[in-house]
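Trainee: Sequence:
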Amino acid sequence: MSSEQLQERDSNIPHWHSPGGETLNITDGDGAWVTDGDGNEYLDFLSQLYCVNAGHGNERINQAVQGQLDRIAYVSSSKNNAARTELSNRLSDISPIDDANVFFSISGSEANEAAIQLARQYKDAPKVLTRWRSYHGGTYGAASLTGDPETRATVEKYAATSGAARFLPPLPECFDADSPEELAAKAANHLEWVIQNEDPDSIAALLTEPIGGTSGAYPAPPGYFERVREICDEYDILLISDEVITGFGRCGDWFGIGTEDVTPDMITFAKGVTSAYVPLAGVVTDGPLGEHFREEGIEVGQTFAGHPVACAAGVAALDEYEDHLIENVQELAPKLESALREIEATYDVVGDVHGRGFHWGVEFRDPETGEPFVHPWVDGDADNPVAEVRSVAQDHGVLFGSGRPDIQVILSPPLCVDEEEIDHGVSVLEDALEATFY
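Positions 1 to 438 (this note's numbering) are the ones given, in order, by the sequence shown.
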């Protein structure tokens with residue numbers, strides 16, 4: 001269907017939709033590339049929504065899906081199934097958590113809600129700590145946990161999950177520090193202060209992204225997560241790593257928290273677990289927590305959680321990551337970082353470049369003030385040049401992501417990209433930057 005035909009009638013309401021904008025009509029995909037209804041090709045440098053990690057049209061995943069459909073399409077989530085068992089065992093094996101168990105869900109939002117539900121029941125405590133500048137989902141419960149005011153505004157007017165408290169992220173604008181180590185120490189000390197003043201016994205869990213997802217691809221300074229782990233242990237609080245975006249090779253390891261050499265108590269996952277070929281999500285728990293719910297039972301569930309077709313896709317996706325894709329990230333991530341650092345050094349409108357593996361943010365700031373050109377949460381509908389950078393790039397055949405707040409461009413390509421495609425993506429970013437600001 002061409003774009004012209006689509007405009008004649010389209011009953012679909014797109015998600016994350018801004019009135020007045022034209023929505024791209026994508027019809028085909030192959031590797032790191034997608035094609036629209038008019039035959040235009042685009043380098044998909046955001047993996048659609050940070051999720052098509054294995055690339056488009058992966059034959060191994062497609063065949064696994066078809067094979068499961070030929071055997072049996074659906075098995076109740078309260079029953080056992082070979083695909084479900086195989087994937088849960090594989091996830092347990094690759095997890096940094098010892099004796100891990102898996103509780104399946106459907107989307108990242110629901111996985112985070114499930115993790116909080118399990119944590120509160122296990123700890124018999126109501127509160128959950130999350131960071132400002134974080135994103136944990138768009139459903140009522142997950143949006144209430146998110147540190148993004150635009151997302152929370154959609155639920156807080158009417159209803160929200162109570163018991164969420166927030167703390168500052170380990171960012172330079174939040175703490176006056178002369179070194180990354182000092183920044184880590186001050187941010188961790190602040191977290192401990194928040195815990196002490198929220199009543200540690202009332203806190204079930206701390207939910208955090210190891211590297212910012214749509215909140216800006218920002219990593220923590222060295223030593224931060226080690227101290228966070230110590231604080232959680234000291235106050236008997238579960239540490240939950242939200243790996244919805246950062247999992248499955250995105251940051252150069254199976255999970256983003258693996259790049260920090262820290263073991264959480266729980267991991268939430270979605271997106272890349274099936275390379276987004278079929279919806280699937282879930283929670284990885286440590287041994288004691290998993291055994292607790294096996295012995296005590298659990299009175300919650302979802303019809304499509306652990307769907308056999310999705311689990312078959314997940315097993316195939318993990319095979320792809322293990323065979324060569326995580327290694328590809330490890331080999332090419334330094335090239336991507338180097339190219340982005342060069343842009344940072346060349347253009348005064350680039351205030352910062354941050355990220356890890358194949359997940360990076362290029363943040364734009366007014367060189368005269370050092371502040372964002374527009375802060376959407378403060379300045380409302382003011383024209384945003386960062387959005388223009390993405391628009392120009394799309395016109396030149398490359399798709400980039402947006403951060404929240406929208407002060408940066410996010411680069412998060414499929415793990416199968418090669419050197420030439422990285423060069424092309426960065427070159428178009430530079431062209432779009434030139435066209436927008438100079």
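Hints in this document: simulated from the structure, not taken from any laboratory.
Every value quoted in this text rests on a predicted model; they were computed, and no experiment measured them.
From the three backbone atoms N, C-alpha and C, an ideal C-beta is built for every residue, glycine too.
Some clues are possibly wrong.
[Unchecked claim] Derived CB-CB ranges, DEER-like: (1) S76 <-> S338: 45 to 53 Å; (2) G397 <-> T369: 28 to 36 Å; (3) D199 <-> N89: 33 to 41 Å; (4) D319 <-> L24: 27 to 35 Å; (5) D423 <-> N40: 55 to 63 Å; (6) W193 <-> D98: 24 to 32 Å.
Trainee: Against each hint, give a clear statement of whether it holds in the structure.
Mentor: Quick rundown of the hints versus the structure:
no. : hint                      : result
1   : S76 <-> S338: 45 to 53 Å  : holds (50 Å)
2   : G397 <-> T369: 28 to 36 Å : holds (33 Å)
3   : D199 <-> N89: 33 to 41 Å  : holds (39 Å)
4   : D319 <-> L24: 27 to 35 Å  : holds (31 Å)
5   : D423 <-> N40: 55 to 63 Å  : violated (20 Å)
6   : W193 <-> D98: 24 to 32 Å  : holds (31 Å)
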